[in-house]
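S.K.: Below are the chains, spelled out letter by letter.
There are 2 protein chains.
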Amino acid sequence: MKVNMMHGAGGEVMGELLQTLTKFTHNNAGGIGLEALDDGAVIPFAGENLVFTTDSHVVRPIFFPGGDIGRISVCGTVNDLAMMGGRPIALSCGMIIEEGFETANLERIVASMDEALGEAGASIVTGDTKVVERGALDGIAINTAGIGIAKRIVRDNGLVPGDVIIVSGTLGDHGLAIMAHREGFDLGEQIHSDVAPLSKMMEKVMEAGTIHAMKDPTRGGFASAINEMAKKAGVCVRIREDQVPIRKSVKSAAAMLGIDPLEVANEGKVVMGVPAMDADAILAALRSHKYGKDATVIGTVTTGAHVIMETAIGGERFIEPPMGDPVPRVC
Amino acid sequence: MKVNMMHGAGGEVMGELLQTLTKFTHNNAGGIGLEALDDGAVIPFAGENLVFTTDSHVVRPIFFPGGDIGRISVCGTVNDLAMMGGRPIALSCGMIIEEGFETANLERIVASMDEALGEAGASIVTGDTKVVERGALDGIAINTAGIGIAKRIVRDNGLVPGDVIIVSGTLGDHGLAIMAHREGFDLGEQIHSDVAPLSKMMEKVMEAGTIHAMKDPTRGGFASAINEMAKKAGVCVRIREDQVPIRKSVKSAAAMLGIDPLEVANEGKVVMGVPAMDADAILAALRSHKYGKDATVIGTVTTGAHVIMETAIGGERFIEPPMGDPVPRVC
Chain A
1 MKVNMMHGAG
11 GEVMGELLQT
21 LTKFTHNNAG
31 GIGLEALDDG
41 AVIPFAGENL
51 VFTTDSHVVR
61 PIFFPGGDIG
71 RISVCGTVND
81 LAMMGGRPIA
91 LSCGMIIEEG
101 FETANLERIV
111 ASMDEALGEA
121 GASIVTGDTK
131 VVERGALDGI
141 AINTAGIGIA
151 KRIVRDNGLV
161 PGDVIIVSGT
171 LGDHGLAIMA
181 HREGFDLGEQ
191 IHSDVAPLSK
201 MMEKVMEAGT
211 IHAMKDPTRG
221 GFASAINEMA
231 KKAGVCVRIR
241 EDQVPIRKSV
251 KSAAAMLGID
261 PLEVANEGKV
271 VMGVPAMDAD
281 AILAALRSHK
291 YGKDATVIGT
301 VTTGAHVIME
311 TAIGGERFIE
321 PPMGDPVPRV
331 C
Chain B
1 MKVNMMHGAG
11 GEVMGELLQT
21 LTKFTHNNAG
31 GIGLEALDDG
41 AVIPFAGENL
51 VFTTDSHVVR
61 PIFFPGGDIG
71 RISVCGTVND
81 LAMMGGRPIA
91 LSCGMIIEEG
101 FETANLERIV
111 ASMDEALGEA
121 GASIVTGDTK
131 VVERGALDGI
141 AINTAGIGIA
151 KRIVRDNGLV
161 PGDVIIVSGT
171 LGDHGLAIMA
181 HREGFDLGEQ
191 IHSDVAPLSK
201 MMEKVMEAGT
211 IHAMKDPTRG
221 GFASAINEMA
231 KKAGVCVRIR
241 EDQVPIRKSV
251 KSAAAMLGID
261 PLEVANEGKV
271 VMGVPAMDAD
281 AILAALRSHK
291 YGKDATVIGT
301 VTTGAHVIME
311 TAIGGERFIE
321 PPMGDPVPRV
331 C
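Protein sequence lines correspond, in order, to chains A and B. Note that the UniProt record's numbering gives residue 316 to position 316 of the first sequence, counting from 1, and the numbers run on in steps of one. Note that the UniProt record's numbering gives residue 292 to position 292 of the second sequence, counting from 1, and the numbers run on in steps of one.
Simulated from the structure, these hints should not be mistaken for laboratory data. There may be inaccurate statements among the hints.
Any copy will do: because identical chains look the same in the list, a pair fits if it lies in one copy or spans two.
Said to hold, decoys possible - Only pairs whose alpha carbons sit at most 30 Å apart, straight line, appear in this in silico BS3-like list of lysine-lysine:
{"id": "1", "residue 1": "K23", "residue 2": "K200"}
{"id": "2", "residue 1": "K290", "residue 2": "K23"}
{"id": "3", "residue 1": "K248", "residue 2": "K290"}
{"id": "4", "residue 1": "K151", "residue 2": "K293"}
{"id": "5", "residue 1": "K290", "residue 2": "K251"}
{"id": "6", "residue 1": "K251", "residue 2": "K23"}
{"id": "7", "residue 1": "K2", "residue 2": "K151"}
{"id": "8", "residue 1": "K293", "residue 2": "K2"}
{"id": "9", "residue 1": "K200", "residue 2": "K2"}
Please read these numbers as outputs of a predicted model, since none were measured by experiment.
Based on the provided sequences and hints, a complete structural model is requested.
M.R.: Next up, the structure:
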């Protein structure tokens, strides 16, 4: 068998590849390990919880409306730490650069990473650089790994019936920004990626109330994240279509491209399940932060299975996990 | 300016690129950070020292005599942790895979990584996979980052006059194994990479005596590592040519290829400076482990500057830091 693009798309097909990649027998350092397939690992250490995660970034183009490969490299890892309840402390940065890459672009990427680090309250403390010959890579690939500290671990499998589902803002912005920009749409430049570090916001939110489960809906989008959360917890999630926040420009671009905005990556959003009694406090905490100002309740958790969309006209349909991401190289 | 192959070769030219890559203002988490350009960072945490490091691997071919890209990915990071005095705990693994890559090869790589993890006493606890379209990468690139715990931090800048310089075994094996294999030399298959995880050996060695400074001589080889150590400490290092262990087959291949075996990468060796009174105990500890059985004293540290080779016939010459690695994509 050969690896194909669908294997990297964050959808159902990726499971095949993960079967190979999770054959490590040395896969856990005493806490939550590779086998959990959560946003990060947890390593109990000196009475505290270290959170550890990694992401490689190959997004194209490297500069896009609202962000660039540098910003996404920092935010992707910071957000994975935040999704586990971790406050980011230190990041590593491994760059692979193609011979001929403009150093001016590299400087721009480093400056963008540095800005995102400042926002997140984290530092890049160690790095590595490899240069490969022309043609062996198209431009640049950036890996970051990150260490965080979590007072309280939050998993992606903790939804319980009665929970309220909250999203921190509009969905589909990042994936459609990348796609519209690639296609050269006129409205393309109106759609901006939401790429942002959520750690400071999440620190406040976690003080405001209990979060049973959360996840950042990156590759595979909201559809993938919410299905994974429902499946892992063995519950049914009901989403109200008229409550799901999607920008008009995103809806238009998605319609033109034949893409479901719920199936494309977000890079600055969180989906969470919280006890109904905590929902107002958590919403208030989210809305008090610029990255959560459009936060809203979009559904509820019940017993059963699947993710069900209650449409505006009173119908019902499943929100299926996407087979793959319709936008390749989105992060 | 454009990035060129010399920028990634671990030699003097790499400094230009590092000037860009070390422009991060958020570069330290309270201990040893990016600015130190050591083998890893140190993060003080809960009264302990966390060591954190990363390496991306692009070695070609991906399977070579004595190892493969999987083994080198684990050992590279494990050894960087060990060089800081850290016992490896947890690694991350970020893979970028080209569409069309054989999953059988991926399984072989994962199995090899798992074996090296077992030897090192570490685990891969978190991972990420990206698939890129055909032509965007040649095959596979693997990043690992690692977390270790150090009772006692060892730096690469601590040489003091009077120290004895020890190497843990023969030099040049990895670089020449890669190069001879690529060139299709008949004797090629006789030269094996030394790629190995040194963490268990180093735990014993650190109990045997004091180590003032150490480094693993990877890209740029021994010549690069010893010059960096001498320069950072502001001392002179004198090496006795007849004491430097190099295999006959490595010498032959190096002569045929016109390559200095002291300038090519090793992936399972350590160079250290130790107080003369501790040298015997440290040598004994090294030699008691299979990866240190050929350990030997090769020189001494004096006041002054530069690295000087005392030749077998009584002459002297500088060991210069190489401009770049003569073997591209060696790790």
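S.K.: Compare the structure with each hint and give your call.
M.R.: Comparing the hints with the structure gives:
Taking the closest pair of Cα atoms, K23 and K200 come within 30 Å of each other only across two copies (24 Å); inside a single copy the shortest separation is 35 Å, beyond that limit. In the homo-oligomer, the alpha carbons of K290 and K23 lie at most 30 Å apart only across protomers (28 Å), although the nearest pairing inside one protomer, at 41 Å, exceeds that limit. In this assembly of identical chains, the alpha carbons of K248 and K290 lie at most 30 Å apart only when taken from the same copy (20 Å versus 65 Å across copies). For the homomeric pair K151 and K293, the shortest alpha-carbon distance inside one copy (25 Å) is at most 30 Å, but the shortest distance between copies (45 Å) is not.
For a Cα distance limit of 30 Å, the shortest separation of K290 from K251 inside one copy, 22 Å, qualifies, whereas the shortest one across copies, 63 Å, does not. Proximity of K251 and K23 under a CA criterion of 30 Å is satisfied in neither setting, with 40 Å inside one chain copy and 39 Å between copies. When the C-alpha separation of K2 and K151 is checked against a cutoff of 30 Å, the pair qualifies neither within a copy, at 42 Å, nor between copies, at 45 Å. When the C-alpha separation of K293 and K2 is checked against a cutoff of 30 Å, the pair qualifies neither within a copy, at 44 Å, nor between copies, at 42 Å.
In this assembly of identical chains, the alpha carbons of K200 and K2 never lie at most 30 Å apart, being 41 Å within a copy and 37 Å across copies at closest.
This entry does not satisfy hints 6, 7, 8, 9, going by the numbered hints stated previously.
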